[in-house]
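Read off the chains here:
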Amino acid sequence: MTTDTTTKDAAPGATAPGQTVLDARGVTMRFGGLTAVRNVDLTVNSGEIVGLIGPNGAGKTTFFNCLTGLYIPTEGEVRYKGNVLPPKSFKVTAAGIARTFQNIRLFANMTVLENVLVGRHTRTKEGLWSALLRGPGFHRAEKASRERAMELLTFVGLEKKSEHLARNLPYGEQRKLEIARALASEPGLLLLDEPTAGMNPQETRATEELVFAIRDMGIAVLVIEHDMRFIMNLCDRVAVLVQGEKLIEGDSATVQGDERVIAAYLGEPFENAPGDDEVAEVEAAEAHAETTTDAAPGKENDR
Amino acid sequence: MTTQTTTAETPSTPTAAQTSLIGLPAPLGRALATAGGALTIISTFLAWTWTAAFPGDLTVYGYPGGLQVLVLIGGALTTLFGLASYGIKGLSLLTPGSADSAVKTAALGTFATAWYTVIAISTDLGGVVNLEPGGYVVAATTLAALIGALALPFERPQPELADPDDTGWEKFRHQSRQNWNTVKAAFAAKPPAPAAKLPAYAEILVIVAAMALGLTVFTYGIGTEYDQLFIGFLITAGFGFAALAKAGLVARVSAITARHRNSTMAGAFIAAAAFPFTQSDDQYATIGVYILIFATVALGLNIVVGLAGLLDLGYVAFLGVGAYTAALVSGSPSSPLHVQWPFWASALLGAAVAMVFGVLIGAPTLRLRGDYLAIVTLGFGEIFRITVLNMDGTSGPDVTNGSNGISSVPNLNILGFDLGQEHQILGTTVGRFANYFLLMLLITLVVVVVFRRSSDSRIGRAWIAIREDETAALAMGINGFRVKLIAFALGACLAGLAGSVQAHVTYTVTPEQYQFAHVVPPNSAFLLAAVVLGGMGTIAGPLVGAALLYLIPAKLQFLGDYQLFAFGVALVILMRFRPEGLIPNRRRQLEFHEETEAPAVLSKAGA
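Residue numbers (the UniProt record's numbering), protein chains in the order written: chain A, 1 to 303; chain B, 1 to 607.
No lab work stands behind these hints: they were computed from the structure. Keep in mind that the hints are not guaranteed to be accurate.
Just a few of them, taken from the derived set where beta-carbon distance is under 7 Å, the chain A residues facing chain B [unchecked claim]:
id : residue
1  : Ser89
2  : Phe90
3  : Ala94
4  : Arg99
5  : Phe107
6  : Asn109
7  : Met110
8  : Leu117
9  : Val118
10 : Thr124
11 : Glu126
12 : Ala131
13 : Leu132
C-beta atoms are modelled at their ideal positions from N, C-alpha and C, and glycine is treated no differently.
Between the sequences and the hints, there should be enough to build the whole structure, so can you do that?
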């Protein structure tokens with residue numbers, strides 16, 4: 001196979017920079033009477049990292065699920081490299097969109113290496129007969145898959161733990177493994193659903209480096225995140241989703257400066273809008289509140 | 001006992017102290033255990049009872065028989081491990097794990113077997129007067145060995161403090177949990193250090209020895225002639241295996257077998273093929289062939305349940321499809337098709353028809369998950385049986401002859417070798433069932449190879465991924481439905497293959513052989529139990545599970561109507577204390593896998 005040569009600098013699913021990879025037009029998702037996502041347009045170009053932010057319940061993950069075929073949008077269409085996405089999640093992955101999950105969904109009782117090998121599923125063809133007869137082609141494909149998987153594990157820094165069970169990995173490494181598993185399907189677009197949730201600043205920093213490295217492989221990245229610093233450092237463009245609708249899209253400075261975004265996160269200003277120092281005060285209070293909640297993290301789990 | 005005195009003397013060192021369950025000094029205990037084991041060996045050469053009314057003839061001096069042999073083996077193990085625990089050079093090789101735990105387990109097993117025998121003699125013959133001096137001697141020596149073994153030191157777990165607000169019942173529970181932990185710690189063994197690699201021939205010799213031992217134990221178990229001997233066998237074998245495990249030998253051998261998987265498989269099949277040649281008549285080959293059919297089908301089910309995680313409660317129907325198909329083309333007079341196909345054709349047809357049924361049943365049901373799938377497959381299993389019952393010419397088309405089934409299925413004749421006749425092979429008479437045993441062994445080999453190869457491949461990983469997390473597996477590009485259907489159809493196909501042999505072994509194929517639950521295996525409930533009992537996702541697990549599940553009801557006839565009840569209780573207990581099954585999956589062992597050698601990094605990463 002050609003994997004060894006191509007992966008040195010670019011992923012096999014990579015496209016030339018500037019080309020539109022993902023094109024979602026007018027995506028609407030209704031569950032009964034509830035409209036979770038309304039008429040959202042989003043494009044992702046190759047070589048780009050696009051962020052998707054929004055308050056809790058804004059419909060980010062629903063939108064993600066529309067992009068990955070877990071949900072079929074009620075209206076609108078999603079095109080990947082010009083083709084409308086098939087309505088099954090495994091076909092979407094085969095087409096070239098890979099994802100990670102908000103709550104880690106590894107194959108807990110498989111080894112780290114096996115997890116990545118499962119990610120290779122769409123890029124290998126050996127069926128049951130080939131497995132039973134074990135011809136030379138089978139061994140060649142299996143060896144190539146293993147080599148590629150080990151490369152990916154080295155890429156995320158888990159090569160020493162390839163024989164460990166996935167569930168025995170610490171949290172941050174489970175996140176990394178999920179990314180490696182998604183990369184194994186040789187995607188052109190990687191969707192990351194809150195990749196730094198629950199991470200400490202160092203781990204977040206490392207994840208940032210990892211996402212940049214993935215971008216440098218030529219894979220477009222769409223990332224949902226709550227960590228604003230992470231998003232603003234990382235993304236070329238940020239889209240803000242509020243109550244199922246896209247509020248604004250632009251570079252991080254535009255989004256950060258937009259009043260509607262601040263309003264969506266912090267609430268609408270009063271009749272006589274507060275001045276800048278009041279806003280600063282509110283933000284300070286907010287920051288303070290965050291640190292105090294951080295100081296007592298056991299609160300939620302207290303019974 | 002004297003426990004109170006010692007605990008009073010050493011109350012100040014509760015943390016990880018080297019204490020023992022019985023307050024004898026450790027050197028004395030060790031000597032007592034070893035000597036007790038040795039004396040037990042001698043006592044088995046005495047007469048235990050005066051009359052031959054107790055089966056096995058325990059009346060002879062100088063010649064151990066029946067249960068005495070089992071006690072002799074137990075005593076020998078105790079003595080060996082006892083001597084090894086002194087650190088004697090050659091013998092300490094026997095106990096790479098914990099010699100003390102091994103001594104304890106062996107002594108306990110010997111004690112249990114001996115006392116079971118003595119009690120059985122007393123109750124069967126009516127009173128302890130029926131014991132000869134040898135009986136008392138063996139009771140005393142095994143008890144002494146046990147006491148000595150229990151005096152060996154172990155690391156007492158640190159007691160958890162009780163909540164002073166606890167009610168009496170909670171205190172009692174706390175206390176009993178504490179005691180249980182202590183007992184567990186007393187028998188706990190640390191895993192042996194990884195062994196130095198032996199030369200390949202030596203490792204193969206070890207495998208051969210292990211296989212020979214396995215064959216001997218199995219042959220002995222299958223050949224036990226009376227209930228008491230079989231119970232004694234179960235006790236001795238169970239404790240003996242546990243003692244070997246505590247000594248670390250099981251871990252050593254399994255490490256070696258993992259390195260030589262092909263040799264192990266070949267060895268196991270040669271050992272299994274040797275079984276009919278150890279038998280003088282066909283009596284136990286019958287049990288052997290039924291066990292093999294049961295085990296093969298259980299292994300096929302393990303693909304569906306153990307690998308792909310699809311709970312199939314109607315699996316026996318595919319065995320039935322294979323059996324009926326083979327019976328229909330076998331040339332049986334009660335078959336409406338008056339054709340007689342050669343075996344290879346009927347076996348292929350049986351497998352193919354079963355596979356078609358697997359696809360037909362799987363296609364609509366595999367869209368369901370979990371419990372729903374279980375219920376629907378249970379339904380389809382019963383639909384098969386009832387349909388076959390009704391295709392008798394009155395309620396439906398005349399195909400299967402209804403409840404009478406297809407009878408007088410002729411014996412197979414493969415390349416001029418009539419499996420119904422006795423043959424002289426290597427100086428031994430190989431009877432009808434032994435012939436079928438060897439044929440069935442080939443089918444088992446096929447299923448084992450299919451299981452092994454498919455599980456260690458792209459498709460096998462996809463099955464396991466589906467079992468672990470279906471949504472994530474779909475997101476990884478696995479076509480869940482297709483992959484599950486392949487597992488279902490492959491499982492059905494293998495069961496059909498086994499069924500095509502079963503039709504000839506049993507002469508008659510009737511609907512009630514293929515029920516959901518029935519006292520005689522194979523049926524869907526027992527098949528699933530064999531998989532769960534043996535260990536899901538392993539090859540050896542269902543084979544061992546099926547052998548036990550077949551042998552125990554067949555040998556313990558006195559249980560009678562309580563068979564299923566006893567079986568249920570045993571299953572509940574097993575699931576409580578060993579939920580991973582008798583032979584756990586490698587993955588479960590990997591859970592404790594700490595040190596891994598650095599992998600050969602093949603090339604630099606793409607970043």
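Each hint, compared with the structure:
Here the hint on serine 89 of chain A is kept, as its CB sits about 5 Å from the closest CB of chain B, short of 7 Å. Interface hint at phenylalanine 90 of chain A: satisfied, since its Cβ lies 5 Å from the closest Cβ of chain B, which is below the 7 Å cut-off. For alanine 94 of chain A, the interface hint holds, since its Cβ comes within 7 Å of a Cβ in chain B; the closest pair sits about 5 Å apart. Annotation: interface hint on arginine 99 of chain A holds; nearest CB of chain B at approximately 6 Å, less than 7 Å.
Taken as an interface hint, phenylalanine 107 of chain A checks out: its beta carbon lies about 4 Å from the nearest beta carbon of chain B, inside 7 Å. The restraint placing asparagine 109 of chain A at the interface with chain B holds, with a minimum CB-CB distance near 5 Å, inside the 7 Å limit. At a threshold of 7 Å, the smallest CB-CB gap from methionine 110 of chain A to chain B is about 6 Å, leaving the interface hint in force. For leucine 117 of chain A, the suggested interface contact is upheld, since its CB lies about 6 Å from the closest CB of chain B, less than 7 Å.
Here the hint on valine 118 of chain A is kept, as its CB sits about 5 Å from the closest CB of chain B, short of 7 Å. The interface hint given for threonine 124 of chain A is met, as the beta carbon of that residue sits about 5 Å from the closest beta carbon of chain B, less than 7 Å. Satisfaction of the interface hint for glutamate 126 of chain A is found here, the shortest Cβ-Cβ separation to chain B being roughly 5 Å, below the 7 Å cut-off. With its C-beta approaching chain B no nearer than about 3 Å, alanine 131 of chain A sits inside the 7 Å limit, and its interface hint holds.
Here the hint on leucine 132 of chain A is kept, as its CB sits about 5 Å from the closest CB of chain B, short of 7 Å.
Checked against the numbered hints above, the structure breaks none of them.
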